[in-house]
Each structure stands twice: as structure tokens, then as C-alpha cells.
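Sequential numbering of the sequence shown, starting at 0, is according to numbering that gives the first Met the number 0.
I should point out that these hints are in silico values taken from the structure, not numbers from a laboratory.
Just so you know, not all the hints are guaranteed correct.
[To be verified] Pairs of lysine to any residue residues, derived as SDA-like cross-links and limited to a Cα-Cα distance of at most 25 Å, are as follows:
| hint | residue 1 | residue 2 |
| --- | --- | --- |
| 1 | 121 | 180 |
| 2 | 22 | 117 |
| 3 | 22 | 161 |
| 4 | 123 | 146 |
| 5 | 121 | 76 |
| 6 | 123 | 70 |
| 7 | 105 | 180 |
| 8 | 105 | 123 |
| 9 | 105 | 173 |
| 10 | 105 | 146 |
| 11 | 123 | 161 |
| 12 | 121 | 48 |
| 13 | 105 | 164 |
| 14 | 22 | 114 |
| 15 | 22 | 146 |
| 16 | 105 | 158 |
| 17 | 121 | 193 |
| 18 | 121 | 164 |
| 19 | 123 | 29 |
| 20 | 121 | 160 |
| 21 | 121 | 94 |
| 22 | 123 | 180 |
[Claimed, not checked] Listed next, with one range per pair, are the computed distances between beta-carbon atoms:
| hint | residue 1 | residue 2 | range |
| --- | --- | --- | --- |
| 23 | 162 | 53 | 44 to 50 Å |
| 24 | 208 | 47 | 27 to 33 Å |
| 25 | 64 | 134 | 47 to 53 Å |
| 26 | 29 | 168 | 55 to 61 Å |
| 27 | 121 | 148 | 45 to 51 Å |
| 28 | 201 | 82 | 30 to 36 Å |
| 29 | 169 | 193 | 44 to 50 Å |
| 30 | 152 | 64 | 32 to 38 Å |
| 31 | 119 | 88 | 40 to 46 Å |
| 32 | 107 | 77 | 23 to 29 Å |
| 33 | 50 | 195 | 37 to 43 Å |
| 34 | 64 | 169 | 29 to 35 Å |
All C-beta atoms in this analysis are idealised placements derived from N, C-alpha and C, irrespective of residue type, glycine included.
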Amino acid sequence: MKIFKILSFFLLIGFSAHAQTEKGRMLLGAGTHIGFSNGIGMMDMYFNNTTREFADGTSEERSSYNIFFAPKVGYFLSDNLAAGIDLAFGWGNRTIPLTAFAIEAKNSLFGAGPFVRYYVPKGKILPFAEVNSIFGNQRTRDDFVAENVSNTAVTSLGGGLGLALLLGERSSFDLLLNYTSNRANFESDGFYTRENVLGLKFGFTIFLGN
0 MKIFKILSFF LLIGFSAHAQ TEKGRMLLGA GTHIGFSNGI GMMDMYFNNT
50 TREFADGTSE ERSSYNIFFA PKVGYFLSDN LAAGIDLAFG WGNRTIPLTA
100 FAIEAKNSLF GAGPFVRYYV PKGKILPFAE VNSIFGNQRT RDDFVAENVS
150 NTAVTSLGGG LGLALLLGER SSFDLLLNYT SNRANFESDG FYTRENVLGL
200 KFGFTIFLGN
């Protein structure tokens, strides 16, 4: 009898996990990203404050921050395989001190791109692999001499491995170790920069449908 109860318990867990990722359901998610750099295209959450002290006793302080928010919506094309759209929103500010005054640069980012995610049903913790992308625009406004506005095309391609920790029958907390290649095209200046970033994505996912 005890063995029957134990088997029934594990079967119930496995069925519940599979039901969340079965064909025809949808997922809604939201999260952010922390990388090991400032990240081209403002695709990281960070806060930074630096003070430089000089030999003559003077000092200067530089500060910057960025808020990054990444919603997503997807559809399960088959059991455990979902595809959909990632969105990216970023807002940032950077202060650069000069001899007589300081330059303040404000940034904003919007982007979107497709993603594909595959879950491995393993009880209450679901390993998954994901390939993702963002194509967008970064807008920078600064007050150096006169107000200046510039736009930069941003492309981000990445992927990684993660874990979805189930929080019930319809939600999960997600952790994703993600490797991303970011490219920023400065069209007005005729050049581009590229940066490869290893970072951690985390957020919540809600599963919708029968």
C-alpha cells in the first residue's frame, strides 16, 4: 500500500509538470538580466558609482544605472516545445564629469525578437534550453554643448541552459545562464561595436490554457 502511494505521488508530479508544458498551452513571462559587463544596448540591470582621486587632492565622481525589463509571450507548438516573442525595455542614465561641468546622458531601449524554448519534464524542477534574440533601437540624449539625440540599431543573439522551479500548477521561477552576442550599429559615425556577454536571466513564467 505504501509503495502504491509513493508511485502515485511521483506519477502525479510528473503528470502535473507535463500538463504545464503540453501542446496548445501558452506562456507569459517577465524578467531581467544581469551580465558581467555593462552590456551594449542596455540589456543588463546595473547600478554603478565610481570615485577617482587625483594626486593634487581633487576627485571626480561618475555614476550610471540601467533598468532592464524583458517580457515574453509564447505558444507550445508541441509538448515541451514553445516558441514566441521576447520584448526588451531599457532606461538608463550616465553622468560624466568634466573640468567645469558634467555631461548627463539618458538612454532608452526598445526591442523585440523570436525565441524558442524546450523543457525537459523532471518533476517540480524543469530543465530547459533556450535560443533567443532581440532586434531594436537605443536612443541616447545628452546635453554636451547643445542637446544631442542619437539612435543606435541593436542586435542581440543568444542562448543558454536554465531551470524552471514550479510554484504550483500555473507558474514557475526561471533561472537561465545565457550567452549573448550584442552588436550596436552607430550608423551616423560609420562603425559598429560587438560584445559577448555571459550573464544570468531570471524571472517568472505563467502557464495559460487547459
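Exercise for review: Mind checking the hinted window 44 to 50 Å against the Cβ distance between residue 169 and residue 193?
Suggested key: Distance hint for residue 169, residue 193 is violated at roughly 39 Å.
Review point. Does the Cβ pair residue 208, residue 47 satisfy 27 to 33 Å?
Key: Roughly 42 Å apart at Cβ, these two residues miss the hinted range, so it is violated.
Check your understanding: Holds or violated: residue 105 with residue 180, Cα cutoff 25 Å?
Key -> 23 Å, holds
Check your understanding: If you draw a straight line from the CA of residue 121 to the CA of residue 180, is it 25 Å or shorter?
Key -> 30 Å, violated
Practice item. Return holds or violated for the Cβ distance of residue 121 and residue 148 against the range 45 to 51 Å. Key: Hint holds: Cβ distance 49 Å, inside 45 to 51 Å.
**Study point:** Range agreement (Cβ of residue 64 with Cβ of residue 152, hint 32 to 38 Å)
**Key:** Violated - the Cβ-Cβ distance for residue 152 and residue 64, about 23 Å, lies outside 32 to 38 Å.
Practice item. Using the Cβ atoms, figure out if residue 64 sits within 47 to 53 Å of residue 134. Key: Hint violated: Cβ distance 24 Å, outside 47 to 53 Å.
Check your understanding: So does residue 162 sit 44 to 50 Å from residue 53, Cβ to Cβ?
Key -> At roughly 47 Å between Cβ atoms, residue 53 and residue 162 fall inside 44 to 50 Å, so the hint holds.
Review point. Lying within 37 to 43 Å: is that true of the beta-carbon distance residue 50 to residue 195?
Key: 29 Å, violated
**Study point:** Satisfaction of hint between residue 146 and residue 22, Cα-Cα up to 25 Å
**Key:** 52 Å, violated
Review point. Is residue 121 close enough to residue 160, meaning Cα to Cα at most 25 Å?
Key: Measuring from Cα to Cα gives roughly 15 Å; hence the hint holds.
Point to revise | residue 121 paired with residue 193 [C-alpha distance capped at 25 Å] | key: Cα-Cα ~37 Å, so violated.
Hint compliance for this structure: hints 1, 4, 8, 9, 12, 13, 15, 16, 17, 21, 22, 24, 25, 26, 28, 29, 30, 31, 32 and 33 are not met, and every other hint is.
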